[in-house]
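What follows is the residue order along each chain.
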Amino acid sequence: MSYRRVASRFDRVNQWLQFSRQWHVIDANQQDAELLGDKIARYLAGKHKPIYHPETDCGDHVVVTNCKDIAMHAFDWKHTVYKFNMEYPKSKADIPAWQIHEYDPCRIAFLSVYRSLGNNLLRRRLIQRLHLFPDSEMPEFVRQNVGSQLRQVQEVVKRADEYTSEERARFPKVVKFAEGHVVDWEKSIQNPGRHSKPVPGQKEK
Amino acid sequence: MGNWLSDYNSELYAFGHRIGAPEISENEYVKALTNESFFERADVEEQVERAQPGAEIGTEHNGELVRKGEERLSIWLKRYLRFHLAKAPEELIDSVDSHLLNDECLAGIAGHLGIDHLVRTKEFPISQQSSADAFRALAGIFSDEKVKNLVIDFIVPQLVDIDFADIYPLADPLAVLTDLLKAEGVTEIEPRLLRSAGENSAEPIFVVAIYADKQKNVGQSAGESVTIAIDMAAREALLRLWNITSDRVLFFGDRAASVPLEKYSEPNYSLTKKCAPGTNTSLLDESQPTESPDNLIEAVLRYRNIVDAEVGKSYTKRLRHKFSRGSLAKRSFRYLVKPKPYTVA
Numbered sequence: 000m001s002y003r004r005v006a007s008r009f010d011r012v013n014q015w016l017q018f019s020r021q022w023h024v025i026d027a028n029q030q031d032a033e034l035l036g037d038k039i040a041r042y043l044a045g046k047h048k049p050i051y052h053p054e055t056d057c058g059d060h061v062v063v064t065n066c067k068d069i070a071m072h073a074f075d076w077k078h079t080v081y082k083f084n085m086e087y088p089k090s091k092a093d094i095p096a097w098q099i100h101e102y103d104p105c106r107i108a109f110l111s112v113y114r115s116l117g118n119n120l121l122r123r124r125l126i127q128r129l130h131l132f133p134d135s136e137m138p139e140f141v142r143q144n145v146g147s148q149l150r151q152v153q154e155v156v157k158r159a160d161e162y163t164s165e166e167r168a169r170f171p172k173v174v175k176f177a178e179g180h181v182v183d184w185e186k187s188i189q190n191p192g193r194h195s196k197p198v199p200g201q202k203e204k
Numbered sequence: 000m001g002n003w004l005s006d007y008n009s010e011l012y013a014f015g016h017r018i019g020a021p022e023i024s025e026n027e028y029v030k031a032l033t034n035e036s037f038f039e040r041a042d043v044e045e046q047v048e049r050a051q052p053g054a055e056i057g058t059e060h061n062g063e064l065v066r067k068g069e070e071r072l073s074i075w076l077k078r079y080l081r082f083h084l085a086k087a088p089e090e091l092i093d094s095v096d097s098h099l100l101n102d103e104c105l106a107g108i109a110g111h112l113g114i115d116h117l118v119r120t121k122e123f124p125i126s127q128q129s130s131a132d133a134f135r136a137l138a139g140i141f142s143d144e145k146v147k148n149l150v151i152d153f154i155v156p157q158l159v160d161i162d163f164a165d166i167y168p169l170a171d172p173l174a175v176l177t178d179l180l181k182a183e184g185v186t187e188i189e190p191r192l193l194r195s196a197g198e199n200s201a202e203p204i205f206v207v208a209i210y211a212d213k214q215k216n217v218g219q220s221a222g223e224s225v226t227i228a229i230d231m232a233a234r235e236a237l238l239r240l241w242n243i244t245s246d247r248v249l250f251f252g253d254r255a256a257s258v259p260l261e262k263y264s265e266p267n268y269s270l271t272k273k274c275a276p277g278t279n280t281s282l283l284d285e286s287q288p289t290e291s292p293d294n295l296i297e298a299v300l301r302y303r304n305i306v307d308a309e310v311g312k313s314y315t316k317r318l319r320h321k322f323s324r325g326s327l328a329k330r331s332f333r334y335l336v337k338p339k340p341y342t343v344a
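If you read the protein sequences in the order shown, they are chains V and R. Note that numbering that gives the first Met the number 0 has the first sequence beginning at 0, numbered continuously upward. Note that numbering that gives the first Met the number 0 has the second sequence beginning at 0, numbered continuously upward.
Among these hints, one or two may not hold up.
Here are the in silico distance ranges between beta carbons for each label pair [as the list claims (entries may be wrong)]:
hint, chain 1, residue 1, chain 2, residue 2, range
1, R, 295, V, 159, 20 to 28 Å
2, R, 192, V, 47, 20 to 28 Å
3, R, 192, V, 182, 50 to 58 Å
4, V, 123, R, 294, 26 to 34 Å
5, R, 245, V, 127, 51 to 59 Å
6, R, 192, V, 86, 50 to 58 Å
Since the hints were made in silico from the structure, they are not lab data. Given the structure is predicted, the values throughout are model-derived calculations rather than measurements. From the three backbone atoms N, C-alpha and C, an ideal C-beta is built for every residue, glycine too.
Kindly generate the complete structure, drawing on both the sequences and the hints.
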């Protein structure tokens, strides 16, 4: 026997709170693409929530910054090959990760999250809640939405060229290097470009 | 009402035991269960021998008893409520009382007790009002102690369905809360935003808490806008102030019957008197539907001019060949067949 009418005020706001979408931000700097993809896919699908069910629309938004600095292990940029087949004549292509990354710095993060979401129809909707930004900047209307920060999947290490000379001097030395010995990689070397064979008679530039 | 009810006297006897007052005479029950309209019935006016559902036709009806019973039910229910809600204002107790003793609620209880089948009335099917009146009239013939039991056994259990936030919806809860807390010696009351997410999205959420003297969280709630969240947090704070929380244990049955409820006859404090003269203590007008503040056209234009202009289309829209090949039916696929780094997804 119940004379209760429609959902009360508190029921309404509590339900809104329960099914509200959180906006997470995560920094992709030096993060492994696969591990990051798995973590983000989990949050996009709402699998981190106790109310999760595949038919419950409880996924969150994830904002990924610094996508250009996403990492791969060792020579994986070269050896990770993304295979595409449109099932038309001549429509097969195997493209290494670095080529895709060079064209669009956000695309590797997108591909790895899309794959981690699993092969199902839901992922087309879930992936729309992924917001990728190549560097640390994001539009103001996205920043206002963000309500939580995710822990990174890997520790960010300090690059060798980020140590100051004082820190280097303080570092204990076991071996004394000879004069002119290259101890450490300090800055990246410019790509000298492809060697071209001078045509006989060509003038020096 | 039905042929099965041919022995009205034995039904009344059973009913007396069911409701816990077998000592009351049958005539009094008949009087309490006779509606005024019974005597206008065609067969009754013709002095038919056995007017359904039964008993002698007589001349008495329950008009007087209803008024008397209504008063007595209200007295005992208010005593019970004051015992549990000692810190709540009398206005809240009044609104709970009038909700539990309205026709709809009492007619439901009466229906479950089988009173509908025993009432002698003109109308068929029996209206909610006659059904509720019959229940009230029962309180009119009972002794005071029995009315107390009637209230505790049948009316008080309906409290579990009551939402105290909705039963007394103040129009301006924050102002009332401020007045009440200041009377307790709090100097500063401020609503603070604890969390928020999706401010610019379709589903924004804000969690607001009311802080007293910048230290104590007196009430906290969520909402889809800051205004609603503050409003709900103030309502929550008021309920907490009045000791109405979800872990509150209400006494039922024997436990409630053993409480000396007679001591709680004095009304609680009045909210209008306790608040400052200018404070709005009126209730929300629920009869008028509030207009939704969402403006769809504004949202679409905002998306098109601000969001789309800055971040562009999503991958699922940009890479149409991947996500919706079907929409390109009229065009040749040739030029986008071979995947390139700038087409893959």
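For each hint, the structure was consulted:
1. R:295 / V:159: 20 to 28 Å: 55 Å, violated
2. R:192 / V:47: 20 to 28 Å: With Cβ atoms ~24 Å apart, the hint holds.
3. R:192 / V:182: 50 to 58 Å: Holds - the Cβ-Cβ distance for residue 192 of chain R and residue 182 of chain V, about 52 Å, lies within 50 to 58 Å.
4. V:123 / R:294: 26 to 34 Å: Holds: the Cβ-Cβ distance is about 29 Å, inside 26 to 34 Å.
5. R:245 / V:127: 51 to 59 Å: 37 Å, violated
6. R:192 / V:86: 50 to 58 Å: For residue 192 of chain R and residue 86 of chain V the Cβ distance comes to about 53 Å; the hint holds.
Of the numbered hints given earlier, the model fails hints 1 and 5; all others are met.
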